[in-house]
Amino acid sequence: MSQMQRAHREPIDISVLTSFAESQGDEESDLVVELIDLYLTDSSRRLADMRQGLATSDESLLARAAHALRGSSGTLGAWQLAESCEELERLAFDLAFAEVALVLERLDRELTSVQQVFLTTRQLRTDT
Amino acid sequence: MFLREASTSRRILVADDDPVIRTLLTSIAEREGYRTVAVSDGREAFRILNSDADFCGAIFDMMMPNIDGLEIIRYMQTEKRLRRIPVLMITSERDLKYTAASFAAGATLFLPKPFTAPQFQTTFKILVSERSVAA
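First to last, the sequence lines map onto chains B and Z. Heads up, the first sequence is in this note's numbering, so the first residue is 1 and it goes up one at a time. Heads up, the second sequence is in this note's numbering, so the first residue is 1 and it goes up one at a time.
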């Protein structure tokens, strides 16, 4: 993906998440709701791992958690958060813990925004 | 040169420690009419493959706890009963060296994350259509 394409992306593109349900058919369970529920639980756990990794200067734990959150966030359309995860992963490998602390605070705010958008989407889908 | 035997099974082994991606992969595969066996780490995938080769395809995340995707593929290449199973490797890594490492280990296909539903569906159809590969 080019820098220009990244620059024009919204922080979160909810259509990416909802696109996974387009070919679902008439199944009883809603895949989007299931993915949101899994993401909400998993992303909070990954953030806790990152905080623990920072507190204990465990670059491996930090990098693994950032890597994992990057994969699911990017796949569900949370581009900005995925890019912050990538940045944090790189900083962890470089043992740049002071910078990690700053990026982690930003990542925390971005994750909160993403979780809020997903919660709203979940509510809209379960109310209908 | 020999041809891999065709598999009559419609079972897919999915190994990914990320519950979001794992659910997504299994859901789409099942929508395509396949049964899935899903596990959350490489060791579990390894354990299953030790006693069960009845899969028409496998999807592995590259980075998993205990045993990573590359190691599983390398093991599969050492076993004749597993060598015929086409493998799709997925990863968040963008560096081409990971693509090269996957193919060198024996992966059939490679899909970088993030991917869209159509991208995965297309790749999945190619994976399960793998029936004969020159070795």
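Please note that a few of the clues may not be correct.
[To be verified] Far from chain B, by Cβ distances over 10 Å, these chain Z residues were calculated:
{"#": "1", "residue": "Arg81"}
{"#": "2", "residue": "Ala100"}
{"#": "3", "residue": "Lys113"}
[Said to hold, decoys possible] What follows is a list of derived Cβ distance ranges for each label pair:
{"#": "4", "chain 1": "B", "residue 1": "Arg109", "chain 2": "Z", "residue 2": "Ser129", "range": "42 to 50 Å"}
{"#": "5", "chain 1": "Z", "residue 1": "Asn66", "chain 2": "B", "residue 2": "Arg51", "range": "19 to 27 Å"}
{"#": "6", "chain 1": "B", "residue 1": "Arg90", "chain 2": "Z", "residue 2": "Arg81", "range": "19 to 27 Å"}
{"#": "7", "chain 1": "B", "residue 1": "Phe93", "chain 2": "Z", "residue 2": "Arg74", "range": "18 to 26 Å"}
{"#": "8", "chain 1": "Z", "residue 1": "Gln121", "chain 2": "B", "residue 2": "Phe97", "range": "38 to 46 Å"}
{"#": "9", "chain 1": "Z", "residue 1": "Arg94", "chain 2": "B", "residue 2": "Ala101", "range": "38 to 46 Å"}
{"#": "10", "chain 1": "Z", "residue 1": "Thr122", "chain 2": "B", "residue 2": "Gln123", "range": "26 to 34 Å"}
{"#": "11", "chain 1": "B", "residue 1": "Thr120", "chain 2": "Z", "residue 2": "Arg35", "range": "13 to 21 Å"}
{"#": "12", "chain 1": "Z", "residue 1": "Arg81", "chain 2": "B", "residue 2": "Ala96", "range": "24 to 32 Å"}
{"#": "13", "chain 1": "Z", "residue 1": "Asp52", "chain 2": "B", "residue 2": "Arg90", "range": "32 to 40 Å"}
{"#": "14", "chain 1": "Z", "residue 1": "Asn66", "chain 2": "B", "residue 2": "Gln52", "range": "41 to 49 Å"}
{"#": "15", "chain 1": "Z", "residue 1": "Asp52", "chain 2": "B", "residue 2": "Leu102", "range": "31 to 39 Å"}
{"#": "16", "chain 1": "Z", "residue 1": "Arg74", "chain 2": "B", "residue 2": "Ser60", "range": "40 to 48 Å"}
[Unchecked claim] Here's a subset of chain Z near chain B, in silico, CB distances under 7 Å, partners left out:
{"#": "17", "residue": "Asp18"}
{"#": "18", "residue": "Val20"}
{"#": "19", "residue": "Ser27"}
{"#": "20", "residue": "Ala104"}
{"#": "21", "residue": "Ala117"}
Note that these hints are calculated values from the structure, not bench results. Yeah, the Cβ is synthetic: ideal placement off N, Cα and C, and Gly gets one too.
Status of each hint after checking the structure:
no.	hint	verdict
1	Arg81	holds, 31 Å
2	Ala100	holds, 19 Å
3	Lys113	violated, 5 Å
4	B/Arg109 - Z/Ser129: 42 to 50 Å	holds, 45 Å
5	Z/Asn66 - B/Arg51: 19 to 27 Å	holds, 24 Å
6	B/Arg90 - Z/Arg81: 19 to 27 Å	violated, 41 Å
7	B/Phe93 - Z/Arg74: 18 to 26 Å	holds, 25 Å
8	Z/Gln121 - B/Phe97: 38 to 46 Å	holds, 41 Å
9	Z/Arg94 - B/Ala101: 38 to 46 Å	violated, 25 Å
10	Z/Thr122 - B/Gln123: 26 to 34 Å	holds, 32 Å
11	B/Thr120 - Z/Arg35: 13 to 21 Å	violated, 35 Å
12	Z/Arg81 - B/Ala96: 24 to 32 Å	violated, 47 Å
13	Z/Asp52 - B/Arg90: 32 to 40 Å	holds, 39 Å
14	Z/Asn66 - B/Gln52: 41 to 49 Å	violated, 20 Å
15	Z/Asp52 - B/Leu102: 31 to 39 Å	violated, 48 Å
16	Z/Arg74 - B/Ser60: 40 to 48 Å	violated, 23 Å
17	Asp18	holds, 5 Å
18	Val20	holds, 4 Å
19	Ser27	holds, 5 Å
20	Ala104	violated, 22 Å
21	Ala117	holds, 5 Å
Hints 3, 6, 9, 11, 12, 14, 15, 16, 20, counting from the list given before, are not met by this structure.
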